[in-house]
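S.K.: Protein chains in written order, with the working numbering: chain A, 119 to 445; chain B, 551 to 892; chain C, 128 to 560.
Just to be clear, a hint being listed does not mean it is correct.
Simulated pairs of lysine to aspartate or glutamate, EDC-like, Cα-Cα distance not exceeding 16 Å [said to hold, decoys possible]:
#, chain 1, residue 1, chain 2, residue 2
1, A, K371, C, D546
2, C, K159, B, E885
3, C, K159, B, D866
4, A, K371, C, E380
5, B, K881, A, E226
6, B, K695, A, D169
7, A, K371, C, E375
Keep in mind that the hints were calculated from the coordinates and are not lab data.
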Amino acid sequence: MAVMNNVEAVRATLYDAMKSDDRTVLMGEDVGARGNVFLISKDFIKEFGPDRVIDTPIAEASIVGIAVGMAMEGLRPIAEIQFADFIYPAFNQIVGEAAKTRYRSNGEYTCPLVIRTPYGGGVRGALSHSVSIEALFYHVPGLKIVAPAFPSDVKGLLNAAIDDPDPVLFLEHKKTYRLIKGEVPEGHYTIPLGKANVLKEGSQLTVVSYGLYVHWALDAAKQLEADGRSVEVIDLRSIRPMDQQTILRSVRKTRKLLIVHEDNKFGGIGAEISAMVAEEALFDLDAPIRRLAAPDVPAMGYAEPLEQEYMSSPALMAEAMREMVAF
Amino acid sequence: MARSDTQMHPPLERHGLSDDQLRAMFRNMVQQRQLDNRGFQLNRQGKVPFALGSEGHEAIQAGAAMAFARGKDILAPYYRDLGLALGIGLTPFEILLSLFARAADHNGGRQFPNHYSSKAAGLMSFSSILAAHIPHAVGAALALKIRKESGRAVLVTCGDGTTSEGEWHESMNFAAVHRLPIVMLVENNEWAISTPLSLQMGQPEIWKRAAGYGMPGKRFNGFDPIETYQAVAEAMERARNGGGPTLLEGTCYRFLAHSTDDNDMTYRTKDDVAAHRKDDPVPRFEKILLANGVMSDKDIAAMRKDVLHETNEATDKAEALPFPEAGDLYKNLYEGAWQPWQ
Amino acid sequence: MVTTITMPQLGETVTEGTVERWLKKPGDAVEKYEAFVEVSTDKVNSEVPAPVTGIIRELLVQEGQTVATGTPIAVIDHEAAVGQSASAPPSTLSEMAHSANAEPVPGFNIPQSAPKPAAANGRSETAPPVHASSEVSLRGASPAVRRLAREHRVDVAAIKGSGANGRVTADDVLAAAKSGTIAAPTATASAAKGPSTYANPIPGTTIPLNSARRIIAERMVESKHNAPHAWSMVEVDVTNVWKWRAKEKDRFEQETGYKLTLLPFFMRAVVESLAAFPLMNAKFTAEGIHVNKDVNVGIAIGLATNLVVPVIRNADKLSIRGLAIAAGDLIDRARKNKLTADDVQGGTFTVNNNGANGSYASAPIINAGQAGIVTMETVVKKPVVTADDAIAIRHMMNSCLSLDHRVVDGYVASGFLADLKKRLEGMTASGSI
């Protein structure tokens with residue numbers, strides 16, 4: 119077992135993938151000579167050559183579109199969008215093309231593509247280097263989305279995404295890149311998409327989260343534990359497919375659900391989870407479902423008070439958890 | 551067959567094409583027009599809700615298809631490329647399956663008609679979104695390059711309107727940066743539904759953009775299948791041999807409205823269209839073949855009869871097959887079976 | 128053969144067309160796809176091609192006349208079969224297609240969602256209160272509290288809440304149920320006074336018939352009067368099914384919220400036996416014995432004051448899981464008095480699960496219009512003699528069949544029962560439910 123942080127886990131996993139399958143091609147802005155702005159692919163180009171580590175022009179639509187064509191033709195491209203905030207020009211290719219390739223050709227053509235991108239705030243990234251984008255894409259049938267929070271999950275899910283015969287959007291929370299360290303098993307392994315992880319068991323409240331916030335939620339839950347309150351924390355890991363059964367099993371046990379995510383509240387991931395739980399487990403709920411999420415403004419501002427108002431904190435999460443347990 | 555016809559047409563420059571190949575191109579053109587027309591007939595009979603015509607594109611597509619190496623090259627066409635699809639090996643039966651939206655269609659009846667797809671023939675699946683397929687074609691060409699597969703190239707086509715899309719520009723740029731084995735053939739028929747060239751682009755000669763991207767460009771008469779063949783064959787050979795991409799512009803004209811849902815008399819006149827009809831590539835090439843003794847009137851009549859028969863048989867055969875079932879909606883979204891909330 | 132051609136729809140929003148010019152006259156020959164008329168609409172002028180090769184028999188519309196889309200405009204005599212009609216899709220998934228491998232979606236015909244629990248259809252009122260007075264106290268109670276209060280017969284009004292602002296929580300209800308301190312007033316307590324009803328019959332009184340009782344009486348008389356009832360019984364070794372159910376029931380209940388009984392297993396065997404013995408899924412009519420195409424199985428549910436038989440339509444297309452969920456939903460709604468008229472119509476065969484009350488054998492009355500009704504009696508562990516003359520303890524269950532002797536004789540009926548028995552005894556755990 120090695121101990122590494124999230125960015126090291128991405129790097130190590132990508133390296134192994136490049137080494138073991140020469141259909142794997144990395145492409146994006148500054149991924150080659152610069153080795154990615156977080157040094158994830160540092161020196162890859164020296165080992166794998168410019169044919170397999172491609173510094174693309176600044177053209178997000180075609181970074182993804184060209185990768186779609188490569189995937190249709192049998193390669194295993196991994197397209198990087200430098201920051202999730204830059205992904206919008208590629209929306210057409212992700213939603214209209216990659217997600218539909220297998221469906222529109224009735225299985226004759228497929229699109230085994232991975233799109234990786236760093237997202238999320240808390241790094242003073244301001245309006246265009248901090249957004250969360252999962253809600254824009256998780257609506258789309260044909261697309262898969264994962265957002266691991268721990269290094270061991272980063273490796274397992276990235277391997278699974280690379281192996282997946284269908285397009286996967288792999289979200290890397292940039293604040294957790296260096297902040298979160300953990301043990302990562304040696305050797306190649308995958309974690310199946312669509313499986314959440316119960317990080318902490320509890321009986322009085324279910325908290326569902328992902329990304330940076332799952333770490334804060336865990337901190338908050340541990341604070342409550344010290345006060346004798348039992349909170350169950352679930353790390354979604356996989357946004358789509360989403361682990362419906364783990365959520366339902368937990369809610370049927372605790373009867374209370376708090377969803378915590380960094381993204382805006384309206385139409386965020388919490389909205390779908392709330393609707394699903396209300397539909398499937400209404401008679402198990404002993405309190406209204408609650409969502410702790412960002413206020414509905416475009417993004418967090420650069421000034422510190424603005425970023426803090428936008429983002430949550432372990433203390434705020436603990437407060438919400440206490441209220442719900444006491445309800 | 552009047553000898554005076556040879557005065558109207560210059561002596562035949564074949565660019566190495568044999569009589570058989572010339573006849574094959576002509577048959578392709580006749581078949582394209584016949585099938586094209588069949589779509590409209592079926593629409594008027596109330597049997598298919600939508601048809602989209604390609605009259606005017608017969609020569610450019612027959613010529614390009616002749617330059618395409620079956621089994622090696624890859625085609626990334628658009629929805630007006632009926633002749634190209636036929637020319638690289640799709641059958642009238644497959645075309646009609648998509649018109650009738652039958653379950654046996656390559657796309658399972660999911661796509662609009664004319665959205666051809668055939669892995670076996672090397673025809674890449676595409677959507678209705680203009681220019682979205684161009685980066686895919688570039689990606690396929692990049693794959694050929696990465697795998698060091700010489701002797702193979704990608705032929706990607708589009709109309710004049712598509713060249714305005716951002717993804718078209720990004721694709722051309724990338725292809726030039728990496729000297730990819732790809733030929734971009736623009737079938738300039740002067741109209742993008744109702745938008746004429748003058749409102750579509752500042753530089754009306756599309757081929758001239760090539761210099762801006764850093765690749766060779768050429769323009770040719772898209773009503774002439776032999777001239778088309780010459781231009782496309784040269785560019786494809788260049789691409790196959792590592793010489794990089796080419797931008798080709800074949801000029802032609804869209805004789806019909808955009809589709810059965812369009813009324814082109816709202817934006818152009820019958821006279822405009824009639825003026826261009828004089829250059830209709832099908833009768834034009836017929837005259838050339840007759841004048842040069844490649845085919846006789848009797849040969850041509852027999853060929854037309856054969857094409858009609860083939861079309862009728864294919865129509866009946868496709869029509870008799872079933873639609874997809876309701877349950878088929880759920881198939882082939884992902885590799886595994888569809889489940890709710892997945 | 129003769130084909131009538133109608134005015135086609137020449138555009139998405141077009142509703143009529145004008146015959147501009149006939150290109151053929153009666154007696155003329157016309158080829159398939161040859162234009163035979165010019166039609167104009169406000170959007171498009173077109174030549175319409177003929178759908179068949181033949182001779183024009185009659186032109187029904189004059190030149191210049193405007194008619195609605197779909198109006199007959201001409202008649203053509205022809206020899207060959209027309210084939211498919213103009214716009215209807217071919218009716219069967221034909222032998223000819225090399226189309227999508229028609230793998231059946233397991234269990235479901237089409238993945239329509241299984242009937243959801245009642246809450247999902249958006250009705251605001253959910254559970255009927257245990258007793259009139261407790262309805263008031265349930266206002267403001269969470270869904271979990273309502274359900275638990277109903278299930279454990281706890282009067283929420285009488286509990287001191289430990290939740291925020293004195294709210295009664297689910298845990299409070301469970302604690303109260305456990306300690307047995309609070310019990311909701313039961314129906315019998317108030318039965319001493321009040322009128323004599325079917326629910327509370329008072330000796331020495333005559334209870335007027337309500338519509339439910341009247342209908343039951345009429346239907347029972349009709350059935351017994353018209354159908355000569357015969358009866359048969361088999362004894363079934365349900366040990367394997369019992370074990371399978373035991374293995375699956377917790378997970379199934381957790382996943383779906385419904386209890387897993389032997390009923391769906393039994394029903395699965397029944398629909399298969401009905402397929403093998405279609406006369407059991409038939410009805411006697413003046414014209415003859417009508418063998419039903421669909422297999423719509425009713426479940427006889429005896430409630431305190433009523434007998435309802437909601438129907439699972441196309442039950443043969445459901446897996447055991449599908450049947451369990453469908454039955455669970457119907458039984459649930461039957462108990463809450465939330466069945467609709469559609470729910471109780473269209474049945475072609477009926478199953479009666481009698482066993483819960485310990486019945487060993489019963490002779491049910493056939494649902495009028497059906498050929499049979501089959502029961503599940505109680506399951507008893509018994510010593511039985513096995514094939515190699517040893518004694519084993521097995522779970523045994525009788526299954527009784529009342530049959531309409533106008534439709535089936537003992538030959539078919541006993542064949543059906545024997546088949547049912549064989550299927551049930553052969554049901555071993557195969558995968559998860």
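S.K.: Against this structure, judge whether each hint is valid.
M.R.: Status of each hint after checking the structure:
1. K371(A) with D546(C): Violated, at roughly 43 Å.
2. K159(C) with E885(B): Judged against 16 Å, a Cα distance of about 44 Å means the pair is violated.
3. K159(C) with D866(B): The hint holds at about 11 Å.
4. K371(A) with E380(C): holds, 13 Å
5. K881(B) with E226(A): holds, 12 Å
6. K695(B) with D169(A): Measuring from Cα to Cα gives roughly 8 Å; hence the hint holds.
7. K371(A) with E375(C): violated, 19 Å
Figure legend: structure checked against the earlier numbered hints; hints not met, in rising order: 1, 2, 7.
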